[in-house]
Amino acid sequence: MLSTSQFEKRLRFAGICLAVGLLIEALCLMWATPIAFIVFVAMGGLLIAVGLAVYLYSVVSTSVAGD
Amino acid sequence: MPSATILIVCLVLFSAAVIGVLAARPGFTAGRGGKILAFVAMFCLPVFCGLLGFSSEMQRSKTTAFCLSCHTMGDYGKSLLVDDPTHLPASHYQNHRVPVDQACYSCHTQYAMFGGLKVKAYGLKHVFIYYLGTPPAPQDIKLYEPYNNRECLHCHLGARSFEEGVVHNADPATLPAIKSNQLSCLSSGCHDTAHDIAHLKGAKFWEKGS
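If you're matching them up, the sequences are chains F and Y in order. For the first sequence, counting from 1, position 17 maps to 17 in my numbering; every step adds exactly one. For the second sequence, counting from 1, position 153 maps to 153 in my numbering; every step adds exactly one.
Keep in mind that a hint or two might mislead.
Each pair of labels, with its calculated beta carbon distance range [to be verified]:
(1) Y:Ala121 / F:Trp31: 16 to 24 Å
(2) F:Val50 / Y:Pro176: 52 to 60 Å
(3) Y:Val167 / F:Val41: 43 to 51 Å
(4) Y:Gln139 / F:Val41: 25 to 33 Å
(5) F:Tyr57 / Y:Arg150: 41 to 49 Å
(6) Y:Gln139 / F:Ile35: 23 to 31 Å
(7) Y:Gln182 / F:Trp31: 40 to 48 Å
(8) F:Ser5 / Y:Tyr130: 46 to 54 Å
(9) F:Ser5 / Y:Pro136: 50 to 58 Å
(10) Y:Gly202 / F:Val41: 40 to 48 Å
Computed list of chain Y residues with no C-beta within reach of chain F, every gap over 12 Å [said to hold, decoys possible]:
(11) Thr134
(12) Pro146
(13) Ser161
(14) Ala177
By construction, these hints were calculated from the structure, which means they are not laboratory data. Quick reminder that beta carbons are idealized off the backbone N, C-alpha and C, glycines included.
Produce the complete structure using the sequences and hints provided.
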């Protein structure tokens, strides 16, 4: 069974990944150079993808544990 | 910065702030309302912001300024201002036959299925070579494949100047050969002066364009 603190830990980790990823994307949108495009996709996109995956996993694992 | 980009940046920062609050206080997500808020903030908003941002970056990567921001492309940018109507890119740029702010992309994309994605993949490769490899000298840069008439015909097909042009109709076989890409627009002694950066030093430039 998934404890609340474990769920909160995952949620916090997902939130940090998403927030950092979004901040990187905001910076890249303001920084109009070709390298910004690479950073946008490679770093921002990766962090957001990881954040989304961890968030969805934490939600699904909580639901399974609650059944 | 365009106002659309400013709006996207504001939305992205707002999303990051909401997510930051949820990450700092995960207890907010305990109730039903909190769970809905968490789903919107941590799934819907990042996906939406990511797609909006990606679309904005893709649009920006099509601009002439973006292509010319690499030092290697400097001479190609100058060649757009050559004061000579036989220079194909210059005459297209100066007479607005292509959108001035997307001059490079308009001619160097591929008007075929996934053509835009293919040329963007080439562009990513160029950026990697520019920053991590050894970029070739400007005069040594070559196209990946011979220039396809399809790119010219995307605009010129059906145009009166093309369909009824004297040279195009001097031989009845010419027009079908052009349309089927058997006779290249560029390399058949017709419109064969492209960027010609090897002779740029002695060229005369259109001053108003700069």
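Tested hints:
1. Here the CB-CB span from Y:Ala121 to F:Trp31 is close to 22 Å, well matched to the stated 16 to 24 Å.
2. Here the CB-CB span from F:Val50 to Y:Pro176 is close to 54 Å, well matched to the stated 52 to 60 Å.
3. Roughly 45 Å separates the CB atoms of Y:Val167 and F:Val41, a value that falls within the hinted 43 to 51 Å.
4. For the pair Y:Gln139 and F:Val41, the beta carbons lie near 31 Å from each other, so the given range of 25 to 33 Å is met.
5. Separation of F:Tyr57 from Y:Arg150 is about 46 Å and conforms to the stated range, judged on CB atoms against 41 to 49 Å.
6. Our hint of 23 to 31 Å for Y:Gln139 and F:Ile35 holds, since their Cβ atoms are close to 25 Å apart.
7. For Y:Gln182 paired with F:Trp31, a C-beta distance near 46 Å keeps the hint of 40 to 48 Å intact.
8. Our hint of 46 to 54 Å for F:Ser5 and Y:Tyr130 holds, since their Cβ atoms are close to 47 Å apart.
9. For F:Ser5 and Y:Pro136, the Cβ-Cβ distance of about 56 Å falls inside the hinted range of 50 to 58 Å, so the restraint holds.
10. In this structure the hint that Y:Gly202 and F:Val41 lie 40 to 48 Å apart at CB holds, the actual value being about 41 Å.
11. Taking the minimum C-beta to C-beta distance to chain F, about 17 Å, the non-interface status of Y:Thr134 holds against the 12 Å cut.
12. No Cβ of chain F comes within 12 Å of the Cβ of Y:Pro146; the nearest lies about 26 Å off, and the non-interface call holds.
13. With a least CB separation of 36 Å from chain F, Y:Ser161 remains clear of the 12 Å interface cut-off, as annotated.
14. Listed as outside the interface, Y:Ala177 is consistent with that label: its C-beta sits roughly 38 Å from the nearest C-beta of chain F, beyond the 12 Å cut-off.
The structure meets every hint from the earlier list without exception.
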